[in-house]
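All chains, please: the whole structure from these sequences, using the hints.
Residue numbers (our numbering), protein chains in the order written: chain A, 1 to 326; chain B, 1001 to 1326.
Honestly, the hints are just simulated from the structure, not real lab data. One should not assume that every hint holds.
Only pairs whose alpha carbons sit at most 30 Å apart, straight line, appear in this in silico BS3-like list of lysine-lysine [stated by the list, open to error]: (1) B/K1141 with A/K184; (2) B/K1227 with B/K1277; (3) B/K1269 with B/K1096; (4) A/K184 with B/K1184; (5) A/K141 with A/K46; (6) B/K1269 with B/K1227; (7) B/K1141 with B/K1277; (8) B/K1184 with A/K141; (9) A/K269 with A/K227; (10) A/K96 with A/K46; (11) A/K269 with A/K96; (12) B/K1277 with A/K184.
Number of protein chains: 2
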Amino acid sequence: MLTPLSQIAEALRSARSVAIAAHVRPDGDAVGSVMGLALSLQAAGKTVYALLEDGVPSNLTFLPEVATILTPPYADFEIDVAVALDTATHERLGEKTKAALARAPLLIDIDHHPANPGYGQLNHVDGVQPAVGQIVYELLKAGDFPLTDAVLQHLYTAIITDTGSFQFSSTTARTHEIVAEMLKAGLDTARLARLIYQTQPVRRLQLLRAMLNEMDIRSEGRIASWKFTRRLMDEVQVQSGDTEGLIDTLRMIDSVVAAVIFEEMPDGKIRVSSRSKDERLDVSAVCAQFGGGGHRMAAGARMRGPIEAATETFLTALEHEVRRLA
Amino acid sequence: MLTPLSQIAEALRSARSVAIAAHVRPDGDAVGSVMGLALSLQAAGKTVYALLEDGVPSNLTFLPEVATILTPPYADFEIDVAVALDTATHERLGEKTKAALARAPLLIDIDHHPANPGYGQLNHVDGVQPAVGQIVYELLKAGDFPLTDAVLQHLYTAIITDTGSFQFSSTTARTHEIVAEMLKAGLDTARLARLIYQTQPVRRLQLLRAMLNEMDIRSEGRIASWKFTRRLMDEVQVQSGDTEGLIDTLRMIDSVVAAVIFEEMPDGKIRVSSRSKDERLDVSAVCAQFGGGGHRMAAGARMRGPIEAATETFLTALEHEVRRLA
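Have a look at this one:
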């Protein structure tokens, strides 16, 4: 499952045309690692297709060349090698993207989700890495591929977003060494951080305000939750990426051990996002009761609507688990 | 003004008793650099007094040994050497703390505010450093002083808070290299980040909610401001440190070029905190009109109340400057 990066670099070196993709509902690590690898291979003279089933979220459109990212329906291009990045299961690529990657005789699966089963012919799944962008950086160095400023912009974005600005426990000494190398190469990291974190549409603050006004705190302050309704989505004219990180604000409350957001989807289903702040509380077990899953500290599920009923059902199950803590 | 750190280390090496202090209304860099230096010198066998005129803010009380920090009135201790950290002017130490440091025949002034005139006998003012905690780290390495886990906890806190979690343009490659060294030494940086950023009293969210509900946006979205009243302070039972970073949320709005918070002080005065997001807009010039000052991008002033009148007077002057931008 841990094909050496030098061997993957070799496979990429001998390819003429490469398609690179990541998971549906892409985040900073998905967009950044796809485009970091794509722009480097392009600079190395290859024909490259970057594919994202759901396109680029509105908060990352400032990144270089993201307008070249393809979304379905895909044209009839031919490829030697396909690369899936940051995508824990083959299905998470999205149906059309999975089919497009299947045109290549070789699929390379590079990821940091420990649960990734290794669905490629070459697999490099390293659960210790904080971001796939960090793995891609090492891959490009191993293969001596070009590290242009645009490439570094994407890989830095991948790393800073997936480490929560270097705050998560997944952050390693090597993470900081890589950013030091990027700064020495002249990358304007402060500009990127400003565009990622310090430039928010008013919509984001409207959502944050609504959440703070409407949030529900129960179980002696240990559970904070919020119902994100279609009415509010329409009112604010929400765009992809707008809700990124909102749940972290709920989790921040000192007394909270579990934070949950319930989101009304267009199909009437309720998307549940949950976070734990206590190692003993496994939110993926609660989500599993409703057909969902994920990690111990971060998990999700989809439930039947209406949102009020789903919320109470889920919170009752969660409260049961929270009561079992000391 | 840039006495070599090796020379300062020598002066500290030969001291028996040292007093270390930082500015009034201390932030993470003030507390972290004072206690980082204090605990290291203590581990090196010296008698050390850590002094803060206003004590430790409530959000930093989790840090090791901060209960040993002295506040006025100070006992009658004797010292060989005094060190002022992160304090741009001699007066900013606070009256009692300045007097206590004056008991030593030698005052060492270590700072990163370019405007620091060098009021010590030895001065190391390096405006390029993102945090005084980073200078203290280099000083301790230069002098081969102990870098215990407690020392590193303080210096990491100093660095992460003064760089906005490594996002500000002041962050250097060396900043990241130092954090890499700290991680290699076994420091649990994620725990500290969680305690600093991801553990907020409900009061903080109440303040944030009030700000989002009450904020004023004018000049085509280019000025965001908020009146922080005594009524709200009493209602929320605000503590020192609670308002840290609130202004950054106003500054985040994409259209905003200037963010201002007006705070009613116990003496009836209005404390004005302002931030610019456009290099061409100098908020210190606006603050100077009201007897204040600071940096181009971050400045403050104190105005006469009532808060409504002060707010309108200041915003009128600010709007005048904002209109002059393109």
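Hints versus structure:
no.: 1; hint: B/K1141 with A/K184; in the structure: 22 Å, holds
no.: 2; hint: B/K1227 with B/K1277; in the structure: 20 Å, holds
no.: 3; hint: B/K1269 with B/K1096; in the structure: 22 Å, holds
no.: 4; hint: A/K184 with B/K1184; in the structure: 21 Å, holds
no.: 5; hint: A/K141 with A/K46; in the structure: 17 Å, holds
no.: 6; hint: B/K1269 with B/K1227; in the structure: 13 Å, holds
no.: 7; hint: B/K1141 with B/K1277; in the structure: 36 Å, violated
no.: 8; hint: B/K1184 with A/K141; in the structure: 22 Å, holds
no.: 9; hint: A/K269 with A/K227; in the structure: 13 Å, holds
no.: 10; hint: A/K96 with A/K46; in the structure: 23 Å, holds
no.: 11; hint: A/K269 with A/K96; in the structure: 22 Å, holds
no.: 12; hint: B/K1277 with A/K184; in the structure: 25 Å, holds
Of the hints listed earlier, the one the structure fails to meet is number 7.
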